[in-house]
Amino acid sequence: MSPDLLLQLQQRLQQHDKLALTRKRRLHTTHNALNFTSNNYLAPKSLDSSGSPVTYYTSAHQALEQRLESWLNYPRALIFTSGYLAVLGAITALIGPDDFVAVDKQCHASVFDALQLSKATWQRYADDDHERLESILQKNKKPLRFIITSSVFSMQGHLADLNHLMHTAKKYNATLIIDDVHGTGILGPKGQGAVAHWNLTHETPLIIGSLTKGLGTLGAFVAGNEVMMEAILQFARPYMFSTTLPSHLATASIKAIDLAEQATDARAHLKQLINYFQKRARELELNILPSSTPIQAIVFSDINYLLQTTQDLSEKNIMVSAIRPPTVPKESPRLRITLTAAHQFADIDRLLLELTSYE
28 MSPDLLLQLQ QRLQQHDKLA LTRKRRLHTT HNALNFTSNN YLAPKSLDSS GSPVTYYTSA
88 HQALEQRLES WLNYPRALIF TSGYLAVLGA ITALIGPDDF VAVDKQCHAS VFDALQLSKA
148 TWQRYADDDH ERLESILQKN KKPLRFIITS SVFSMQGHLA DLNHLMHTAK KYNATLIIDD
208 VHGTGILGPK GQGAVAHWNL THETPLIIGS LTKGLGTLGA FVAGNEVMME AILQFARPYM
268 FSTTLPSHLA TASIKAIDLA EQATDARAHL KQLINYFQKR ARELELNILP SSTPIQAIVF
328 SDINYLLQTT QDLSEKNIMV SAIRPPTVPK ESPRLRITLT AAHQFADIDR LLLELTSYE
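Be aware that the sequence shown starts at 28, since it is given in the working numbering, and climbs by one per residue.
A couple of the hints might just be wrong.
To be verified - Using 25 Å as the maximum straight-line C-alpha spacing, the simulated DSS-like pairs for lysine-lysine come out as follows:
id	residue 1	residue 2
1	Lys298	Lys282
2	Lys166	Lys217
3	Lys169	Lys146
Said to hold, decoys possible - The calculated label-pair distances, taken between Cβ atoms and stated as ranges, are:
id	residue 1	residue 2	range
4	Pro317	Arg159	18 to 24 Å
5	Arg309	Arg50	32 to 38 Å
6	Gln338	Lys168	50 to 56 Å
7	Asp292	Glu96	21 to 27 Å
8	Arg151	Gln93	22 to 28 Å
9	Asn252	Arg377	23 to 29 Å
10	Arg159	Ile330	26 to 32 Å
11	Lys298	Arg50	49 to 55 Å
12	Lys198	Ser348	35 to 41 Å
13	Lys168	Met346	46 to 52 Å
Because the hints were derived from the structure by calculation, they are not lab data.
Treat the numbers as computed from the prediction; the structure is a model and nothing was measured.
Ideal Cβ positions, reconstructed from N, Cα and C, are used throughout, including at glycine.
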């Protein structure tokens, strides 16, 4: 994290407090309270329903944040109701009109929406174009600079080189923000995500993760150092103006983390499936992109053929996603295939057999 950013956030928080605007979450610890903060107007017990995450903050929400902190080895975590809101909240709370952002061109649409809202100056780079990244950081002399990347690129599945990005961020006094929604639960020795996979937990200041994908519940989180997280709590409009995660889903997410932490065999099986799929697809001369994650992409030269293939597979009770522009470049429409630990090698063989039958 840039020291300049740390100082600016501390000053903003101090000024916020002087104006009596600091929001302090009150922990609801009893179900006997007479509650007038809920937005669930027909609930028989309002405290068990919903409201702002500032006012409706229960022991279940606190326990989930603490579980995330211990699992991820970060000082502090905040829960959001979706990954989209987590991205918007974190970026718009930390980045403003006077700042510069180098953003990977393959980042999720929510990142670019957040940058538009932040009014920051930003430029795209490709994850394998290290010279381009350094060049735009050198040319932009804004006081605060950021690098934003996905850890796992969602439309092709390959990993960003977080070691290199962390080195570059330090070199140019920039702050690295990592969207790790596709790494949570999958990467790392205990499923903690890409930061643990790269052994960078103590160096990366902020990550955004998902409770929905690798963990299978609902919602998202942001984890980072104390100052950045307090700034997000105070200044992230998508956080303060959204209904919080229902407490029973927070409890379910704690159980999901427990299961993910212990899912060594499932991750090993998933890794075997990934390697097998990559090997067999190349042997069959399918135009598959390199990927060591559950996201696998097979590029087609013709959109109509891609759509017809997807329809034919659907009629055979095989579900795959057809990804077209503008989500991906117009020259590379693709099948997006996601592998899970529930799949078996025979499932992959069946899919590949159907795909090669069209040749």
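Status of the hints after comparison with the structure:
no.	hint	verdict
1	Lys298 - Lys282	holds (23 Å)
2	Lys166 - Lys217	violated (40 Å)
3	Lys169 - Lys146	holds (14 Å)
4	Pro317 - Arg159: 18 to 24 Å	holds (20 Å)
5	Arg309 - Arg50: 32 to 38 Å	violated (53 Å)
6	Gln338 - Lys168: 50 to 56 Å	holds (52 Å)
7	Asp292 - Glu96: 21 to 27 Å	holds (26 Å)
8	Arg151 - Gln93: 22 to 28 Å	violated (37 Å)
9	Asn252 - Arg377: 23 to 29 Å	violated (47 Å)
10	Arg159 - Ile330: 26 to 32 Å	holds (29 Å)
11	Lys298 - Arg50: 49 to 55 Å	violated (43 Å)
12	Lys198 - Ser348: 35 to 41 Å	holds (38 Å)
13	Lys168 - Met346: 46 to 52 Å	holds (49 Å)
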